[in-house]
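Fit chain L to the given chain V structure using the hints.
2 protein chains.
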Amino acid sequence: MSNCLVAQSGGPTAAINASLAGVIDAVIKSNTYDTIYGSINGIQGVLQHKIISLNSTFEDKPDAIHTLMTSPAMYLGSCRYKLPSYEENVTQYEFIFETFKKMDIHAFFYIGGNDSMDTVDKLNEYAKTIDYDIKVIGIPKTIDNDLVETDHTPGFGSAAKFVATSLLEIAHDTYIYDIESVTIVEIMGRDAGWLTASAALARNDYNHAPHLIYLPEKPFSTFAFINDLNKLLKVKKNVIVAVSEGIKDDKGNYISATTAAEDKFGHAQLSGTGKALEQLVKSTIGCKVRSIELNVLQRSAMHISSLTDIKEAFMLGTEAVKSAETGLSGVMLTLNRDNTPDYSVSIGNVAIKEVANQAKSVPLEWINEAGNDVTSEMIDYLRPLIIGEPNIKYKNGIPDYLSIKHLI
Amino acid sequence: MSNCLVAQSGGPTAAINASLAGVIDAVIKSNTYDTIYGSINGIQGVLQHKIISLNSTFEDKPDAIHTLMTSPAMYLGSCRYKLPSYEENVTQYEFIFETFKKMDIHAFFYIGGNDSMDTVDKLNEYAKTIDYDIKVIGIPKTIDNDLVETDHTPGFGSAAKFVATSLLEIAHDTYIYDIESVTIVEIMGRDAGWLTASAALARNDYNHAPHLIYLPEKPFSTFAFINDLNKLLKVKKNVIVAVSEGIKDDKGNYISATTAAEDKFGHAQLSGTGKALEQLVKSTIGCKVRSIELNVLQRSAMHISSLTDIKEAFMLGTEAVKSAETGLSGVMLTLNRDNTPDYSVSIGNVAIKEVANQAKSVPLEWINEAGNDVTSEMIDYLRPLIIGEPNIKYKNGIPDYLSIKHLI
Chain V
1 MSNCLVAQSG
11 GPTAAINASL
21 AGVIDAVIKS
31 NTYDTIYGSI
41 NGIQGVLQHK
51 IISLNSTFED
61 KPDAIHTLMT
71 SPAMYLGSCR
81 YKLPSYEENV
91 TQYEFIFETF
101 KKMDIHAFFY
111 IGGNDSMDTV
121 DKLNEYAKTI
131 DYDIKVIGIP
141 KTIDNDLVET
151 DHTPGFGSAA
161 KFVATSLLEI
171 AHDTYIYDIE
181 SVTIVEIMGR
191 DAGWLTASAA
201 LARNDYNHAP
211 HLIYLPEKPF
221 STFAFINDLN
231 KLLKVKKNVI
241 VAVSEGIKDD
251 KGNYISATTA
261 AEDKFGHAQL
271 SGTGKALEQL
281 VKSTIGCKVR
291 SIELNVLQRS
301 AMHISSLTDI
311 KEAFMLGTEA
321 VKSAETGLSG
331 VMLTLNRDNT
341 PDYSVSIGNV
351 AIKEVANQAK
361 SVPLEWINEA
371 GNDVTSEMID
381 YLRPLIIGEP
391 NIKYKNGIPD
401 YLSIKHLI
Chain L
1 MSNCLVAQSG
11 GPTAAINASL
21 AGVIDAVIKS
31 NTYDTIYGSI
41 NGIQGVLQHK
51 IISLNSTFED
61 KPDAIHTLMT
71 SPAMYLGSCR
81 YKLPSYEENV
91 TQYEFIFETF
101 KKMDIHAFFY
111 IGGNDSMDTV
121 DKLNEYAKTI
131 DYDIKVIGIP
141 KTIDNDLVET
151 DHTPGFGSAA
161 KFVATSLLEI
171 AHDTYIYDIE
181 SVTIVEIMGR
191 DAGWLTASAA
201 LARNDYNHAP
211 HLIYLPEKPF
221 STFAFINDLN
231 KLLKVKKNVI
241 VAVSEGIKDD
251 KGNYISATTA
261 AEDKFGHAQL
271 SGTGKALEQL
281 VKSTIGCKVR
291 SIELNVLQRS
301 AMHISSLTDI
311 KEAFMLGTEA
321 VKSAETGLSG
331 VMLTLNRDNT
341 PDYSVSIGNV
351 AIKEVANQAK
361 SVPLEWINEA
371 GNDVTSEMID
381 YLRPLIIGEP
391 NIKYKNGIPD
401 YLSIKHLI
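From first to last, the protein sequence lines are chains V and L. Note that the first sequence ends on residue 408 in our numbering; no numbers are left out. Note that the second sequence ends on residue 408 in our numbering; no numbers are left out.
Hints are computed from structural coordinates only; laboratory data are not their basis. Check each hint, because a few of them may be wrong.
Identical chains share a label here; the pair holds if one copy fits it or two copies do between them.
Stated by the list, open to error - Under the rule of at most 27 angstroms between Cα atoms (straight-line distance), these lysine-lysine pairs were calculated in the BS3-like manner:
hint, residue 1, residue 2
1, Lys395, Lys405
2, Lys248, Lys288
3, Lys275, Lys288
4, Lys311, Lys395
5, Lys234, Lys218
6, Lys322, Lys50
One chain only, chain V, in its complex shape:
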């Protein structure tokens, strides 16, 4: 028997540990691999010799597996490290594969988003060139829901549930005062508006907020925005707006004032879109205005995660192990929505080349004509993803998550 390796990469989500739990559970229950190793801080952990065995922590410990499933962020830590191409720097690849040989590692499960799938692709391609037998499987996750070829991504449903719940609670908070007000809620999503769209799930019998929703897929006009607000303020006291951090004007410039910084993958680092609009409303309309940035709680608020999301993430983990066992490599697993009246999904897979370094935007037909709301098709697509509440254990009044002292 040989060994296998698992790692996590990119930004955290509430569901990324559920996929890890699925991988660990499946490896422990099958007879294919002796040891399941975890690399700390993604592929960087292999380059830095930070590899731990996971068997003793999880073998015969269903409680630990359950707690891992319901713990936020990343048990194995993360990285934002982009592997150079092997033509550019073959030394890193040689080092990685020497480690794999020494540790008898013949399967590598990488749980991550867009940039992580790039790593999966590169390792799979390099393995072929040296004829090393390894199955490299990508397991998707991202709160942005912007991976192509999958109906949706693990982590998105939980983030969407947090956003929808927070919007409803902010609405309750807002309606109590008998004065005109505009509340602007800034939601994550650099280039794709999926998470901002999920604010619409806060609507119910009595609450129609958010009354306006702006996604980055359509150019944002400050003139139209103020016009939209003025129209609404004629008929309602409190207007609540959901806005993506990544909205841009018709020239492609971010509305946010602070767009200078870029991360290592060349993505602009945004913040302040809500604040910028708050200032605009203050100076043009002049009513009470507040902006709220939901910030990292969107991706880390495990306590309000979606059971559907957590279960699917776990299932993807177990399926990844089965896929490696059946000889697949260089693929990312996908969630395919079944064509049934009740929501259900099947797991498929796609060649990693089809997904790496690509992004899935919100289809324009799911945004209304005026560009200030989403359609009912969008809501029908989103709703099933936030259903169900996992059983979170508490100790001393706070969630009893799995210890990550090995990261601290």
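Structure of chain L alone, referenced to chain V:
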């Protein structure tokens, strides 16, 4: 039989509807009052004829009472209206008491914070001058926990549980990267540091964050802050800081850059303390730094409220009705911590004059010598207040709160 009136005022909390549920439940179960009226938007509702009967919505409907108990913000709406003294403007008092007479109202329950207790006091005093028989009872609430003469205030425990849980989840989010970082979490509390102190409840076996805690009760020195950070960054990768929005320098100036606005009670409106410190760290230390403002979710996140808090708030509501029945007036009910090994409280009351327009700060002996943490006495005081999780119902993936369409 006569009638009674209930209203809510000030900023929302997760527990203020539980007190309302307690009042309604007790009135319906007793034979003292025929009708229980609710004033919409606090005392303003009386001045504006916005008074509704609550009997039909809640009589023989234990489910509605339970849902009200676990719904955020204020079912009856709020106001920030400060009654003038009756020497200044007797017309308003005459109008209010004519309404009371017409509607046969002989008990008034006002659920609120500091400023609301001022209203209770004034109404009670005016009633005496015209010899009108009414029992005016104040029921405390505020996430700030700054009312005097009560061990703690309803609403605080739930806000503290949200803060502690969020801090733990932010810590999980922060520890995943293998790079030096400073995370600054800005917490509500204009003049009192109770809520910021509760960030310490996020600490457990493996998590020691927040590593630094700054309350408004001690002058804040930017020099000492950078010094504290530099010392910690020598021994740990990720430093997490909890800071009150209301910290001031030794001259009494708010650290926040935007301190111009004041609310109607003359309180400075703060925001941006976290952002100001983020800029400071960026320019002096230069490592990765992020600031997070927990914002209104602190007071509205019912889904992560404290069962202890909700139960106590309900109990205060029922006790308020009993107090009026026994002839008390011009008092605020209080929570007194019993001197027992296990946490329990008894309900008392205090003359409203002893509490109105006063504020309870954190005692300096519960802040450490260096002014950058709280003591174990503080943690022992806080811990019992966040214990337990109420049963929140969900529908379509979001909390199934009580409709507030009468406010919208």
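| field | Unmet hints by their number, sorted upward, for this structure | value | none
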